[in-house]
Amino acid sequence: MAARTVLQEADIARALTRIAHEILESNRGAEGVVLLGIPTRGVTLADRLGPIIAGIADTEIPVGSIDITLYRDDLSKHPTRAPKRTEIPEGGIDGKTVVLVDDVLFSGRSIRAALDAIQSIGRPSVVRLAILVDRGHRELPIRPDFVGKNIPSSRTERVNVRLKELDGADEVTIES
Amino acid sequence: MRHLLDTRSLDRDEALRVLDVAEDMAETQSRQIKKLPTLLGKTVVNLFFEDSTRTRISFEAAAKRLSADVINFSAKGSSVSKGESLKDTAQTLEAMGADAVVIRHSASGAPRTLATSGWISAGVVNAGDGTHEHPTQALLDAFTIRKRRYGADSRGRDLSGLRVVIVGDVLHSRVARSNVWLLSTLGAEVTLVTPPTLVPQNVSQWPVRVLYDLDQALAEGPDAVMMLRIQVERMHAAFFPTEREYSRLWGLDALRAATLPESSIVMHPGPMNRGLEISSEAADSARSTVLEQVTNGVSVRMAVLYLLLAGERNDERGEAK
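Top to bottom, those sequences are chains A and B. Per the numbering used here, the first sequence starts with residue 246, numbered consecutively. Per the numbering used here, the second sequence starts with residue 3, numbered consecutively.
None of these hints come from the bench; they were simulated from the model. Ideal placement from N, C-alpha and C gives every residue a C-beta, glycine not left out. There's no promise every hint is true.
To be verified - Chain A stretches covered by chain B per the calculated footprint, using a threshold of three residues with CB under 8 Å from any CB of chain B:
id	segment
1	319–327
2	365–373
Said to hold, decoys possible - Think about it this way: if two alpha-carbon atoms lie no more than 25 Å apart in a straight line, the pair counts; the simulated BS3-like pairs of lysine-lysine are:
id	chain 1	residue 1	chain 2	residue 2
3	B	36	A	329
4	B	84	A	322
5	A	394	A	409
As the list claims (entries may be wrong) - Reference excerpt, derived from the structure (chain B facing chain A, CB under 10 Å, subset only):
id	residue
6	27
7	33
8	200
9	201
10	248
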């Protein structure tokens, strides 16, 4: 069970700052940007990303969360999961540029579920995907728009994202 | 959760889990698209041996909102009226691929028999059995009390310190029994107010206080007053002289409702006998939660079906299904 650290606190902070700039660049400003985190750690990352973008663009960025549990396609393969909170910022998502935020992109199935969840809530004009770690092994035709770091991994390895707010420290480790 | 047969055997954590998931389900019901794909491909059978409109519709709505297929089976006009046994009916449904069976039966214990006999592997939900229990009604009542009390801050909270008065025919009421167990598990203090002829024999073993005087109970300013329906179909003996006398002594009229504190709520599981156990003024007042209970019923039943059907399941014999 050897775990090696692939991202440290400063790396994560730099990655988020770069993603914030990339979001503003691709959207040509902060107009209409809404961040939606996918529980659990995607929400924490969205909560950090919001103020960073707001600081650069000097405007408020609405941040919310979107639960995907009820939209998953693998529910019957795991013990029953409790749904998590969905909080859509005031102003909704219709016609907005929704940026989904998650910690790790793996099979792509969570994102598929999140897209279905978004569809039932409203109709954004654009949906983008921001990811802290892309570890490959996609099972669906889904790709991220903003990536903190690409970490090639084998299917059997575990990628752990730990964040201060929840785990006491900021780091990304890979376990084989 | 494999079955939901009663509230007596639910512990606090299990009960709160259902209520908290129901909060999540309630939130999805304000979306543009209310239907969730969660139980796509699952089949829920409503097996109703007793007449019921609202409970059956509520379960049907809950199952459909979760994308499950619903088959309604009512005993009237079915093979049951030709003398088919519960076992054969159940096994027929199983052979059709039922994943959950929602059963209402006039015999107390019928759902338990269905769940434990090994006839079927589907999850069983008790939708009312005889004078035994009606667990989803109690869960939606608890949900309604909690929601009125704590609003958006309801998650994870129990009903500690809240005082609930249940008024009416406790003897024949499965709603009262399920509520007594659930509300006391959640920490509420339950008082029963009932005519002396309609007190159950074993009530001394229940975690409740029994009063005969409604005005005395209302004077204490309870947080919730739950009126039970006088079930005319179960009034086989002279439990009270006349309906007018019952209404005068144990009915909630406008005058009595006015003595309650501002924040107290008035509940009724429906269908109401207006003018008998509850007056129109009380039933239609701002403190009445009758319609909220109906709305919350769908959310609570969605939660129950979700917890029963969504995760991986093992049947009674321990085989993965």
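Hint-by-hint comparison with the structure:
no.: 1; hint: 319–327; verdict: holds (count 8)
no.: 2; hint: 365–373; verdict: holds (count 3)
no.: 3; hint: 36(B) with 329(A); verdict: holds, 17 Å
no.: 4; hint: 84(B) with 322(A); verdict: violated, 41 Å
no.: 5; hint: 394(A) with 409(A); verdict: holds, 19 Å
no.: 6; hint: 27; verdict: holds, 8 Å
no.: 7; hint: 33; verdict: holds, 5 Å
no.: 8; hint: 200; verdict: violated, 40 Å
no.: 9; hint: 201; verdict: violated, 40 Å
no.: 10; hint: 248; verdict: violated, 44 Å
The structure shown violates the earlier hints numbered 4, 8, 9 and 10.
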